[in-house]
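Peer 1: The opening position of the sequence shown corresponds to residue 1 in this note's numbering, with each subsequent residue numbered one higher.
Some clues are possibly wrong.
[Claimed, not checked] Computed Cβ-Cβ distance ranges for the label pairs, DEER-style:
no.: 1; residue 1: R85; residue 2: K106; range: 22 to 28 Å
no.: 2; residue 1: V172; residue 2: T93; range: 35 to 41 Å
no.: 3; residue 1: Y131; residue 2: G91; range: 38 to 44 Å
no.: 4; residue 1: H48; residue 2: G91; range: 18 to 24 Å
no.: 5; residue 1: N21; residue 2: Q122; range: 46 to 52 Å
no.: 6; residue 1: Q53; residue 2: I123; range: 17 to 23 Å
[As the list claims (entries may be wrong)] Straight-line Cα separation of at most 30 Å, DSSO-like style, residue types lysine-lysine; simulated pairs:
no.: 7; residue 1: K164; residue 2: K106
no.: 8; residue 1: K164; residue 2: K51
no.: 9; residue 1: K107; residue 2: K164
Since the hints were made in silico from the structure, they are not lab data. Note that this is a predicted model, so its numbers are computed, not measured. A virtual CB, placed ideally from N, CA and C, is assigned to each residue, including glycine.
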Amino acid sequence: MILSETTNADAVWIVVNTHPNREHSAVQNLLNQGYGPYMPTIRRQVRHARKVQAVLRPLFPGYLFVHIEPATRQWRPILSTVGVRSVVRTGDTPCVVPEAFIQDLKKREESGVIVRSSSSRQIGETVRIAYGAFDGLVGRIISLSENDRLIVLTEFLNRPVCVKMSENLLAVA
């Protein structure tokens, strides 16, 4: 979700580490100070008390990006912002994130939420594990998991086993 954006060509993106579960507070306080924070969010399913809900969570928990102008904007006041733990830096210089990385994240957004890349695999499809410890085993995709992983049900030592794996480790059976 883009919260504020400046258009100066000299401006850079730096990474800010927040206190646990304080990303929204940090974003609001950075906005109040005139900074341009960006906290990409993703929709996740959360189970609690036998209920499944879709909630928005930060794509990078504990981190967000801030757009600053190096010539005119000081980054040190960010350190005393409520919700901010520190600025990610090398020595005394903040680490800069390439503009292309931020733009790629923004391209994946729909209505302010990062959408997962679509998988070419379908639930129920029979696949062969092509790499790793389960190389050669045949299984069936039973679910799509978080972080673009698939859950494959296969038999190992005469027992059904569920394995989470990346799609690129699978081949057509």
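Peer 1: Now tell me, hint by hint, if it's right for this structure.
Peer 2: Comparing the hints with the structure gives:
no. : hint                   : verdict
1   : R85 - K106: 22 to 28 Å : holds (25 Å)
2   : V172 - T93: 35 to 41 Å : violated (49 Å)
3   : Y131 - G91: 38 to 44 Å : holds (39 Å)
4   : H48 - G91: 18 to 24 Å  : violated (43 Å)
5   : N21 - Q122: 46 to 52 Å : violated (35 Å)
6   : Q53 - I123: 17 to 23 Å : holds (21 Å)
7   : K164 - K106            : holds (28 Å)
8   : K164 - K51             : holds (23 Å)
9   : K107 - K164            : holds (27 Å)
Of the numbered hints stated above, those contradicted by the structure are hints 2, 4, 5, listed in ascending order.
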